[in-house]
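Q: If you want the building blocks of each chain, they are given just below.
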Amino acid sequence: MQNSYYLFSNGELKRKDNTLRLSTEDGTISDIPIEKVYDIYVFGELNINTALLNLLSKYKIAVHFFNYYEHYIGTYYPKESNLSGALLVNQIQHYEILNKRLKLAKLFVSGSADNILRNLKYYNTRGKELDNSIQEISELMTQLSYMDSISSVMGIEGNIRKNYYEQWQIIINKDIEFEKRVKRPPDNMINSLISLFNSLLYNKIITEIYKTQLTPTISYLHEPFVKRFSLALDISEVFKPLIVDRFIFSLFNKNMIDESDFEKQTNSLKLKESSFKRILKLFDDRLKTTITHRTLNRIVSYRYLIRLELYKLIKHLIGEKEYDPFKIWW
Amino acid sequence: MYIILVYDINTEQKSNVANRVFKICKKYLVHIQNSVFEGELNESQFINLKNEIKKYLRKDLDSCIVFYSRNEKWLNKEFITEPKDDTSCFL
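Chains H and E, in that order, are what the protein sequence lines are.
At position 88 of the first sequence the residue is numbered 88 (the numbering used here), and the sequence of numbers has no breaks.
At position 37 of the second sequence the residue is numbered 37 (the numbering used here), and the sequence of numbers has no breaks.
Because the hints were derived from the structure by calculation, they are not lab data.
Bear in mind that the values here come from a model prediction, so they are computed numbers and not experimental data.
Be a bit skeptical, because a hint or two may be false.
[To be verified] Below, a list of computed lysine to aspartate or glutamate pairs in the DMTMM-like style, where the Cα atoms sit at most 20 Å apart:
hint, chain 1, residue 1, chain 2, residue 2
1, H, Lys16, H, Asp26
2, E, Lys54, H, Glu177
3, H, Lys281, E, Asp62
4, E, Lys84, H, Glu166
5, E, Lys14, E, Asp62
6, E, Lys54, H, Asp17
7, H, Lys16, E, Asp62
8, E, Lys55, E, Asp8
9, H, Lys254, H, Glu223
10, H, Lys277, E, Asp62
11, E, Lys73, H, Asp26
12, H, Lys277, E, Asp85
13, E, Lys84, H, Asp26
14, H, Lys254, H, Glu177
15, E, Lys50, H, Asp17
16, E, Lys23, H, Glu177
17, E, Lys55, H, Asp148
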């Protein structure tokens, strides 16, 4: 399996002997085997030149950049080699025709809600009082089929998420005040972890989209005009409960993180560098977790599940098979 | 499969074989010691690596050995001196 590389050091990343070399400010040199690189996440300050970009393009490696506050700032998206005009036309058509777009938007939301319910039910059987919330979210889901505009579908999605986040204080065995989702900047431990891992998941999905013929800017649930690769936002809805939310629950409930891992900024919290590395490692391991796929009947990783989801979407767009959002089946 | 590749290149005759082989191995595996590489490769990467270095290795002069196991799990690694993790993805 190819690896994701996470670069924290400051220094220079360059092409050397047709592979990557990271030389850091303190003089250490590490060679990265290019054949083993899946994608790269840059958290430090790096100097980069075009010879490097040339090599990255040749190997079709996307590089995601983050700023000092671990906010996503952009991606080096190499020249698209997987292009399909036919699929692009289909992608646009499904966006333009409201019925088709609504159908996809609803599927994304229902997929997300299914997985959320799955999480809630899991904790419900473990003695947490979540019956009310399960009831309410199921009700919201049934309302979904009556919605006739994208904004109302988004509204339902928002309500489901809101209700879900309200239960987090019950699910997490720690005394943290978490009432609602706060962004820009996230105000407490849970909010800042959600922001961080949602954006990491979002980048993972961009990498996967790059490896398929899909165009990342045309989306169905989110408006495609938001200056982002909004298709990744759509897909991330389905995977957040499995990959991000469960990960955060286990971090807290297994005592793998506490206040001492954070440092206070003026009005937000930031993970300390050593803790950040440790937690990122856990997150990377989680993406490599494998399960036996029911219909494919072979072992796949969470990371590959995302790609399979995109293939399912492609099949839907070209009219081969209806899209059926991923549901946690175990 | 998890691979440990070691080579011995004859340098009595002037040639750039050692350099070429070194550079190719670096693309696939992590350089852990002089003429020793280690890393996880899939079947096709392993075949590509072999094909690439075969072009340069001289059958009568050089030697290149690959040890492999199905998974890193089946391999114990012990540092007798200071441990160093070169194979990390967090740099």
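Q: Are the Cα positions of E:Lys84 and H:Glu166 separated by 20 Å at most?
A: Distance ~45 Å between E:Lys84 and H:Glu166 Cα, so the pair is violated.
Q: Do the alpha carbons of H:Lys281 and E:Asp62 lie within 20 Å of each other, as the hint requires?
A: Violated. H:Lys281 to E:Asp62 sits at ~40 Å, over the 20 Å cutoff.
Q: Under the criterion that the straight-line Cα-Cα distance not exceed 20 Å, is the pair E:Lys50, H:Asp17 satisfied?
A: Roughly 18 Å between the alpha carbons, so the hint for E:Lys50 and H:Asp17 holds.
Q: Run the distance test for H:Lys16 versus H:Asp26: straight-line Cα separation, threshold 20 Å.
A: This hinted pair holds, its Cα atoms lying about 19 Å apart.
Q: When you check the alpha-carbon spacing of E:Lys73 and H:Asp26, does it fall within 20 Å?
A: 33 Å, violated
Q: With the threshold set at 20 Å, check whether the alpha-carbon distance from H:Lys16 to E:Asp62 stays at or below it.
A: Violated - the C-alpha atoms of E:Asp62 and H:Lys16 are around 25 Å apart, more than 20 Å.
Q: Hinted pair, alpha-carbon criterion (20 Å max): H:Lys277, E:Asp85. Please report holds or violated.
A: With Cα atoms ~15 Å apart, H:Lys277 and E:Asp85 stay inside 20 Å; holds.
Q: When you check the alpha-carbon spacing of H:Lys254 and H:Glu177, does it fall within 20 Å?
A: 18 Å, holds
Q: Starting from E:Lys55, check that the Cα of E:Asp8 is at most 20 Å away, please.
A: Judged against 20 Å, a Cα distance of about 16 Å means the pair holds.
Q: Please verify whether E:Lys54 and H:Asp17 have alpha carbons no more than 20 Å apart.
A: 18 Å, holds
Q: Does the structure keep E:Lys14 and E:Asp62 at a Cα separation of 20 Å or less?
A: Distance ~13 Å between E:Lys14 and E:Asp62 Cα, so the pair holds.
Q: Decide if the proposed pair is consistent with the structure: E:Lys55 and H:Asp148, CA atoms, cutoff 20 Å inclusive.
A: Roughly 64 Å separates the two Cα atoms, so the pair is violated.
Hints 2, 3, 4, 7, 9, 10, 11, 16, 17 from the list above are not met by this structure, while the remaining hints are.
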